[in-house]
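Protein chains in written order, with this note's numbering: chain A, 1 to 114; chain B, 115 to 223.
Hints are not guaranteed to be accurate.
Quick list of simulated restraints, FRET-style, between CB atoms [unchecked claim]:
{"id": "1", "chain 1": "A", "residue 1": "Thr15", "chain 2": "B", "residue 2": "Asn169", "range": "44 to 52 angstroms"}
{"id": "2", "chain 1": "A", "residue 1": "Gly3", "chain 2": "B", "residue 2": "Gly173", "range": "20 to 28 angstroms"}
{"id": "3", "chain 1": "A", "residue 1": "Gln67", "chain 2": "B", "residue 2": "Thr220", "range": "21 to 29 angstroms"}
{"id": "4", "chain 1": "A", "residue 1": "Ala56", "chain 2": "B", "residue 2": "Tyr165", "range": "32 to 40 angstroms"}
{"id": "5", "chain 1": "A", "residue 1": "Gln44", "chain 2": "B", "residue 2": "Gly168", "range": "42 to 50 angstroms"}
{"id": "6", "chain 1": "A", "residue 1": "Asn51", "chain 2": "B", "residue 2": "Ile132", "range": "43 to 51 angstroms"}
{"id": "7", "chain 1": "B", "residue 1": "Asp180", "chain 2": "A", "residue 2": "Gln67", "range": "26 to 34 angstroms"}
Cut-off 25 angstroms, straight-line C-alpha distance, at most; resulting in silico cross-link-like pairs (DSS-like, lysine-lysine) [unchecked claim]:
{"id": "8", "chain 1": "B", "residue 1": "Lys156", "chain 2": "B", "residue 2": "Lys181"}
{"id": "9", "chain 1": "B", "residue 1": "Lys210", "chain 2": "B", "residue 2": "Lys156"}
{"id": "10", "chain 1": "B", "residue 1": "Lys181", "chain 2": "A", "residue 2": "Lys9"}
{"id": "11", "chain 1": "B", "residue 1": "Lys181", "chain 2": "B", "residue 2": "Lys116"}
{"id": "12", "chain 1": "B", "residue 1": "Lys184", "chain 2": "B", "residue 2": "Lys116"}
{"id": "13", "chain 1": "B", "residue 1": "Lys181", "chain 2": "B", "residue 2": "Lys170"}
{"id": "14", "chain 1": "B", "residue 1": "Lys156", "chain 2": "B", "residue 2": "Lys184"}
{"id": "15", "chain 1": "B", "residue 1": "Lys170", "chain 2": "A", "residue 2": "Lys9"}
{"id": "16", "chain 1": "B", "residue 1": "Lys170", "chain 2": "A", "residue 2": "Lys57"}
If you are wondering where the hints come from, they were derived from the structure by calculation, not from laboratory data. Every residue gets a Cβ at the ideal spot worked out from N, C-alpha and C, and that includes glycine.
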Amino acid sequence: DSGVTQTPKHLITATGQRVTLRCSPRSGDLSVYWYQQSLDQGLQFLIQYYNGEERAKGNILERFSAQQFPDLHSELNLSSLELGDSALYFCASNSLGGGRDTQYFGPGTRLTVL
Amino acid sequence: QKEVEQDPGPLSVPEGAIVSLNCTYSNSAFQYFMWYRQYSRKGPELLMYTYSSGNKEDGRFTAQVDKSSKYISLFIRDSQPSDSATYLCAMTGNEKLTFGTGTRLTIIP
């Protein structure tokens, strides 16, 4: 168990809908990362927050947004969902926020868009 | 061309065999190299972490980095059925972590 929690485990929704994925980092970790994992693209970095502020952005679509709250939990909002958004979404955390610092991954949220 | 290339497999080997997993990369800024293991329906977990060129050993696992060739490897000795998983290489220059697509490995008892 990495100490990172994600809810929900599974999410099934329809095209055009909006969903929110939630992540709680390990105790003491200030940085949260979001990744999307699909069969053909592998693990793709979406966005990073550090102590409430956006620190880095990856291949995140404009339909997607995220935030980190004062208690350091983070939410990833996905809107106007398309079939191609079906994937596993992982959250990871570390304490210092540097790329070379070990990231601890949560169990993921499996999103299915029908 | 992707920054990190990894053969997706799948790779099946008999129990006890030596497994070799590899990644190549194109970005010279990458200085830190990692191998993550991901069991089915689980999140990735860090297996090995290396910085300099050369070998690093941890039990049955050896990570090898050749910066001159931009090539990294993970060797698993005396492979066990419990080693069956997807192995992802990852690397960074201290900004975002860039992952390979992962190699799915099955160890056959």
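Taking the hints in turn, this is what the structure says about them:
1. A:Thr15 to B:Asn169: 44 to 52 angstroms: At 49 angstroms between Cβs, range holds.
2. A:Gly3 to B:Gly173: 20 to 28 angstroms: At roughly 23 angstroms between Cβ atoms, glycine 173 of chain B and glycine 3 of chain A fall inside 20 to 28 angstroms, so the hint holds.
3. A:Gln67 to B:Thr220: 21 to 29 angstroms: Violated, at about 40 angstroms.
4. A:Ala56 to B:Tyr165: 32 to 40 angstroms: 21 angstroms, violated
5. A:Gln44 to B:Gly168: 42 to 50 angstroms: 30 angstroms, violated
6. A:Asn51 to B:Ile132: 43 to 51 angstroms: 44 angstroms, holds
7. B:Asp180 to A:Gln67: 26 to 34 angstroms: With Cβ atoms ~41 angstroms apart, the hint is violated.
8. B:Lys156 to B:Lys181: 31 angstroms, violated
9. B:Lys210 to B:Lys156: Distance of about 22 angstroms is within 25 angstroms: holds.
10. B:Lys181 to A:Lys9: It is violated: about 39 angstroms lies between the C-alpha atoms, which goes past 25 angstroms.
11. B:Lys181 to B:Lys116: 17 angstroms, holds
12. B:Lys184 to B:Lys116: 13 angstroms, holds
13. B:Lys181 to B:Lys170: 14 angstroms, holds
14. B:Lys156 to B:Lys184: With Cα atoms ~29 angstroms apart, lysine 156 of chain B and lysine 184 of chain B exceed 25 angstroms; violated.
15. B:Lys170 to A:Lys9: 35 angstroms, violated
16. B:Lys170 to A:Lys57: 32 angstroms, violated
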